[in-house]
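These protein sequence lines map, in sequence, to chains A and B. If you're matching positions, the first sequence starts at 3 in our numbering and goes up one per residue. If you're matching positions, the second sequence starts at 156 in our numbering and goes up one per residue.
In short, the hints are calculated from the structure, not lab data. Be careful, since some hints might not be right.
[As the list claims (entries may be wrong)] SDA-like, lysine to any residue: derived pairs with alpha carbons at most 20 Å apart:
1. B:272 with A:280
2. B:272 with A:187
3. B:272 with A:95
4. B:272 with A:183
5. B:272 with A:194
6. B:272 with A:162
7. A:194 with A:162
8. A:194 with A:279
9. B:168 with A:97
10. A:194 with A:181
11. B:465 with B:415
12. B:272 with B:357
13. B:272 with A:279
14. B:272 with A:286
15. B:272 with A:99
16. B:272 with A:284
17. B:272 with A:93
18. B:272 with A:180
19. B:272 with A:96
20. B:272 with A:100
21. B:272 with A:101
[Stated by the list, open to error] Incomplete in silico selection of chain B near chain A, CB under 8 Å:
22. 277
23. 289
24. 399
25. 401
Using N, Cα and C, we set each Cβ at its ideal position, and we do this for glycine too.
Given next are the chains, with one letter for each unit.
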Amino acid sequence: MMSAVDLLNLVIAALLLAGVYAAMSVGMIIVYGVMKIVNLAHAGFLMLGAYFVYELYARFSIDPLLGVLLAFPVFFFIGLGVHWILIRRIPSSDQPTLTSLLLLFGLWLVLQNLGYLIWGNADRAILTPRTLYVLQIGPISFPAVRLIVFGAAVASIGGLELVLHKTWFGRAVRALMQNSDAGRIVGVNVEKTARIAFGMGIAFAGAAGGLLAMLYSFSPDFGGSFLLRAFVIIVLGGLESFAGVAIGALILALAETFSILVLPASYQPAIAFSLLVLALVVLPEGVAGLWNKRHRLA
Amino acid sequence: MKGGLNSVSSRSKFAAALAPFFLVAILALLPLLEPGSETIRLLFVTFVWVTVSVAWNLLGGFGGQVSFGFAVFYGLGAYAAALSLNRGISPILSFLLAGTVAVLASLLVGLPTFRLKGPYFAIATIGASEAVRVVMTNVSITGGASGYRIMETGTFDQLQHFYTALALAVIAVAISMLVQRSKFGLALIAIREDEEAASDLGVNPFRAKLLAHALAAALTGAAGGVYARYAAFIHPQGVFAFSVGVAILLMPIIGGVGTLWGPVIGAVVYGLVHEELIASFPQLHLLLYGSLLILIIFFEPGGVMGLLEKSFRVFAHTRRLSGSHPQR
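In isolation and in its complexed conformation, chain B is listed as follows:
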């Protein structure tokens, strides 16, 4: 009886470990069904959102450091990739460059703030996003407020963009998975729970936070680059917009902060809902997001993952109850 239970749980564990691979395979094969360019576009955008959502969660979810400034990395990545693509540099190198630029920006905020106790980091991220948006609307090399166009030679291949974004999202989830299972991830969680205790136990909070921030920035910057290449036109009020920063932090919170799959679910929900909402309530969507944020914080801090876990527990509980009266 006991052995039977064990084999069931190990089999379900095996299935759970394989599920991500199936998911990726299905997504990769999806274009074979010729779903139409609009669906491909929606999926492309969702992959970009998944990447940044997972990236935010590395620092905000595992490490507990709230950043309001991820639009900075996204936008700088977009511009870096755009400038480099227009100079004929290959896309892959351009995306790497985008990530590198974002990492440098992350150090600018992280180095002065992560040593200090208190709200300095969160405050500085708000400042950084305001400052960078202002500077980018005035810098002439990127066309200032009127935006910047990417001129690539060759024909537009939507599927190539689709696979690039999918690959990046897979990399982001894989990194998140590795972090979660590593000593580094444990260090981040320890910092989130109690920074002083963590540092007493030999964790270097400064280094761990800085590293998580840089890792998240690299992914977000690359995602900005991938998006910029697809959009072929970027402007400061788009990629650096306040609402981009809000979106990036809202997604992991909807899905469930500090979990592996929560940010992915959040990004998918957001990616699908957002397109509809923006279209029907252009002015109202931030109001809805604000209210949603307040409601989630109060009623289900675990997000969708928290809800799922709760309902599974209820389900398992009722099954156990009915299982204990087999004679009926």
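Isolated chain A (complex conformation):
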């Protein structure tokens, strides 16, 4: 049987994992919320972010944490470029269209195979002196990298929250997420907001990719399984809520962490999918929907 310490260790592991999961999902939800586009290329930018941080570390021995910080501006501008070349040509719609899905899927394929061209298909990993360091407090152990990654993830989400709640741009983003027509009426510049939102979505994808690269080995098709996880998280969170993302990330991380007790680790992607189906059946509006419903009743 499992002791209380083991249980606590697993809960902590899940909590630390949830931080990264949330960071990789917020980028997707900004883009979906503002433009109603499911960014399938998110996986490709996660992968590029991982290689970006890796290359900085391998070539210029820039600390991966600093690399992640640098990834924000670099991928923001990449995002603006992609928006200018491709995304702004997609006819706007309040629902994901055949055009947007296929276009971003094509972009994902292109990015993934650019990855193969540049880096080959061998697995890489970022190994720093602190990679294997474990912090021991009593019977509970904290792997140092996971703590650092968790801290970075929480800090970046905190920064985003600040932007969303304290700036004009943030208010515009939230307005468009709630009701794009009403947002337009009160004077939100949809085109400009969408452009910056897309840039920020990609910035978060790149940075989250860098964070993930500190935890896992990666190859050019690295993003695929995380794309599925990000979907599950935003569906659990109700597609349009940042608080929902945090809860969704925690649920998925708990499910995955505790599943190793009953299932072989190789089945993990199947867990994400089962959770997705379950969420769609039981909670189609996500956790946030549940909360809203209760609120409305009260």
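Given the structure of chain A, go ahead and fit chain B onto it with the hints provided.
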């Protein structure tokens, strides 16, 4: 003058209606020319591609529901047929079983997602293909990642496979034709254009999408079964591969989504080009497909059919212009 025009157009309509039958007859008689086993193999593969391409178009083209997960049906069909063939069940029954298994899988994705508005269906199909591939590489009854061999008694008859695949492709096109001309097809197109308006007019979007998905899955599953019997060896990284899912959606888009013959043309183009590309650029082909997808979406969303239509219109226009000055 007017009557003459009418008779011309009705005659060309008659020819257009007969053309498919001629095509099938030519393909069916082709083996008489003894074209060699390599050509027969290429045609066999193309028929399988035509089937799945037409199947995808039923849901994605007519109904506007993008699925990235048709490899699930293809692979499950292949495995179902393989397991049943190895137990001595007749090929026809095995293919039916393959289709049935695929239909059940289609319900698993369709039932929870088709009721909801939003991107849920497309997302769930990506999830399904990841999940099924992972599970199939770990399931021991089918040999896991190392693959599964089909042991059939009797001699290998390539022509029998050729005719099976041809028959399946003909069935797929016939179903597509029937759907296009039926009320059901109109309902699907209405859903694609505006789901809310369609449901206001009395279409049940949930039922129509579920039915189209199941129909497409049945065809794709049977195609997977037909392929598995020919290949005699299948493995998860082959039939469930990401690139299979990409191929199945790329073909109808190349040819022209939402049309009857577009997916067929797309499958033929893909079937012929793919063999060459894979051989010469094993690593690059997905890059090319991705770029192709982006280019088609931007420049010719109608695919080859769209291009043909445009060039015909230009042709007809110039002919009309020259026809209006007969005295010159």
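Here is what the structure says about each hint:
1. B:272 with A:280: Distance ~17 Å between residue 272 of chain B and residue 280 of chain A Cα, so the pair holds.
2. B:272 with A:187: violated, 25 Å
3. B:272 with A:95: holds, 13 Å
4. B:272 with A:183: The hint holds at about 18 Å.
5. B:272 with A:194: violated, 27 Å
6. B:272 with A:162: With a Cα-Cα distance of about 28 Å, the restraint between residue 272 of chain B and residue 162 of chain A is violated, given a limit of 20 Å.
7. A:194 with A:162: holds, 18 Å
8. A:194 with A:279: violated, 35 Å
9. B:168 with A:97: This hinted pair is violated, its Cα atoms lying about 39 Å apart.
10. A:194 with A:181: Satisfied, since the Cα-Cα distance of roughly 16 Å is no more than 20 Å.
11. B:465 with B:415: With a Cα-Cα distance of about 17 Å, the restraint between residue 465 of chain B and residue 415 of chain B holds, given a limit of 20 Å.
12. B:272 with B:357: holds, 17 Å
13. B:272 with A:279: holds, 15 Å
14. B:272 with A:286: Holds, because 10 Å separates the two Cα atoms, which is no more than 20 Å.
15. B:272 with A:99: Holds, at about 12 Å.
16. B:272 with A:284: holds, 15 Å
17. B:272 with A:93: Holds - the C-alpha atoms of residue 93 of chain A and residue 272 of chain B are around 19 Å apart, at most 20 Å.
18. B:272 with A:180: holds, 16 Å
19. B:272 with A:96: The hint holds at about 11 Å.
20. B:272 with A:100: Roughly 14 Å between the alpha carbons, so the hint for residue 272 of chain B and residue 100 of chain A holds.
21. B:272 with A:101: holds, 17 Å
22. 277: Status holds, d = 5 Å.
23. 289: Holds. Min distance 5 Å.
24. 399: Nearest chain A Cβ about 14 Å off; hint violated.
25. 401: holds, 7 Å
Of the numbered hints given earlier, the model fails hints 2, 5, 6, 8, 9, 24; all others are met.
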